[in-house]
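Residue numbers (this note's numbering): 7 to 197.
Rather than coming from a laboratory, the hints here were simulated on the basis of the structure.
Heads up, some of the hints might be wrong.
Simulated pairs of lysine to aspartate or glutamate, DMTMM-like, Cα-Cα distance not exceeding 25 Å [as the list claims (entries may be wrong)]:
1) 8 / 88
2) 138 / 157
3) 138 / 170
4) 181 / 88
5) 181 / 72
6) 124 / 47
7) 66 / 37
8) 66 / 88
9) 8 / 72
10) 66 / 38
11) 66 / 47
12) 8 / 76
13) 66 / 170
14) 8 / 103
15) 8 / 37
16) 8 / 38
17) 181 / 47
18) 138 / 32
19) 181 / 32
20) 124 / 79
21) 8 / 71
Each pair of labels, with its calculated beta carbon distance range [as the list claims (entries may be wrong)]:
22) 103 / 131: 35 to 41 Å
23) 95 / 62: 27 to 33 Å
24) 95 / 139: 14 to 20 Å
25) 131 / 46: 40 to 46 Å
26) 127 / 66: 27 to 33 Å
27) 131 / 45: 40 to 46 Å
28) 78 / 187: 38 to 44 Å
Note that beta-carbon positions come from the ideal geometry of N, C-alpha and C, so glycine has one too.
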Amino acid sequence: MKFLVIDTETNWNNRVMSIGVVVSGEGMTPEEYAYFLLAPEYTVGGMYSFSLFVRGAMPKICGREEAIADISDICRRHGITEIFAYNAVFDKFMLPELHSFCWRDIMSVAAYAQYNTKIPVGAPLYSTGRLKRGYGVQSVMRMLTGARYFETHNALYDALDELEIMRLLGCAAEKYGVVPAGKSQAERQQK
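Sequences are here, hints too, so could you generate the full structure?
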């Protein structure tokens, strides 16, 4: 089974300005990837605009509709029905055009002591086993690797890092929590 890992970055207007996607399978290695800068949204600027153009990440600059069509085509070509993201609730909300896919949350495994054996003993946890704080991508990567990792906030590199978190955790894809269907942003605005 192949799946997609996705990451987004937003601009000052809280609109998606970049999308990074990585195709992978059970081996948790990247098989294909794509990086999109959405025009005109990326020109507005945002907290992580400095990371839009980084070495090695060659973006396709296009409109949102074209980017979503390309992502849908990638999924169709690979038979993908599931999308993974770190804090998938946010990315799913920001990409309502992709609601028909099953979304799974990487954080639903990475932030829980029963799945992430690298969470330090004595770390503050809720009764569910979830970390009370320090469960962002940067903190989790540091736990898992022991390295001084810094998140780039480039959507493509972050998607690759999120896939690496999945590989390091070593859990089967079905262990990751499914994001509830809920209503799309468009459906909520029709009220």
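Status of each hint after checking the structure:
1. Simply put, residue 8 and residue 88 have alpha-carbon atoms about 8 Å apart, close enough for the 25 Å limit, and the pair holds.
2. Proposed proximity of residue 138 and residue 157 is supported: the alpha carbons are some 20 Å apart, at most 25 Å.
3. Proximity of residue 138 to residue 170 is assessed by CA-CA distance (about 23 Å); at most 25 Å being required, the pair is judged to hold.
4. Between residue 181 and residue 88 the alpha-carbon distance is near 13 Å, which keeps this suggested pair within the 25 Å criterion.
5. Between residue 181 and residue 72, the direct Cα distance comes to roughly 32 Å. Violation of the 25 Å bound is thereby established for this hinted pair.
6. With a C-alpha separation of about 38 Å, the suggested pairing of residue 124 with residue 47 is violated against the 25 Å cut-off.
7. Straight-line distance between C-alpha atoms of residue 66 and residue 37 comes to about 18 Å, which keeps the hinted pair within the 25 Å bound.
8. Of the supplied pair hints, the one linking residue 66 and residue 88 holds, its CA atoms being roughly 23 Å apart against a limit of 25 Å.
9. Simply put, residue 8 and residue 72 have alpha-carbon atoms about 23 Å apart, close enough for the 25 Å limit, and the pair holds.
10. Only pairs whose Cα atoms come within 25 Å are accepted, and residue 66 paired with residue 38 is accepted, the gap being roughly 15 Å.
11. A threshold of 25 Å between alpha carbons decides the hint, and for residue 66 with residue 47 the separation of about 13 Å falls inside it, so the pair holds.
12. Restraint check for residue 8 and residue 76: satisfied, since their Cα atoms lie roughly 17 Å apart, inside the 25 Å limit.
13. With a C-alpha separation of about 23 Å, the suggested pairing of residue 66 with residue 170 holds against the 25 Å cut-off.
14. Restraint check: the Cα-Cα separation between residue 8 and residue 103 comes to about 20 Å, which is no more than 25 Å; the hinted pair holds.
15. Under the criterion of a C-alpha separation no larger than 25 Å, the hint pairing residue 8 with residue 37 is consistent with the structure, at around 9 Å.
16. Of the supplied pair hints, the one linking residue 8 and residue 38 holds, its CA atoms being roughly 11 Å apart against a limit of 25 Å.
17. Note on residue 181 and residue 47: the hinted pairing is violated, with a Cα-Cα distance of about 35 Å set against a maximum of 25 Å.
18. Between residue 138 and residue 32 the CA atoms are separated by roughly 30 Å; this puts the pair beyond 25 Å, and the hint is violated.
19. For the given pair, residue 181 sits about 13 Å from residue 32 by alpha-carbon distance, which is consistent with the 25 Å threshold.
20. A distance of roughly 37 Å separates the Cα atoms of residue 124 and residue 79; the hinted pair therefore is violated under the 25 Å criterion.
21. Taken as a hint, the residue 8 and residue 71 pair is honoured in the structure, with Cα atoms around 24 Å apart against an allowance of 25 Å.
22. Between residue 103 and residue 131 the CB atoms are about 36 Å apart, so this pair conforms to the stated range of 35 to 41 Å.
23. Between residue 95 and residue 62 the CB atoms are about 29 Å apart, so this pair conforms to the stated range of 27 to 33 Å.
24. A hinted range of 14 to 20 Å for the beta carbons of residue 95 and residue 139 is consistent with their spacing of about 18 Å.
25. Checked against the hint of 40 to 46 Å, the pair residue 131 and residue 46 passes, with Cβ atoms roughly 44 Å apart.
26. Roughly 45 Å separates the CB atoms of residue 127 and residue 66, a value that falls outside the hinted 27 to 33 Å.
27. A hinted range of 40 to 46 Å for the beta carbons of residue 131 and residue 45 is consistent with their spacing of about 43 Å.
28. Range check, residue 78 to residue 187: Cβ separation about 18 Å, and the 38 to 44 Å hint is violated.
Violated hints, listed in ascending order, are 5, 6, 17, 18, 20, 26 and 28; each of the other numbered hints is respected by the structure.
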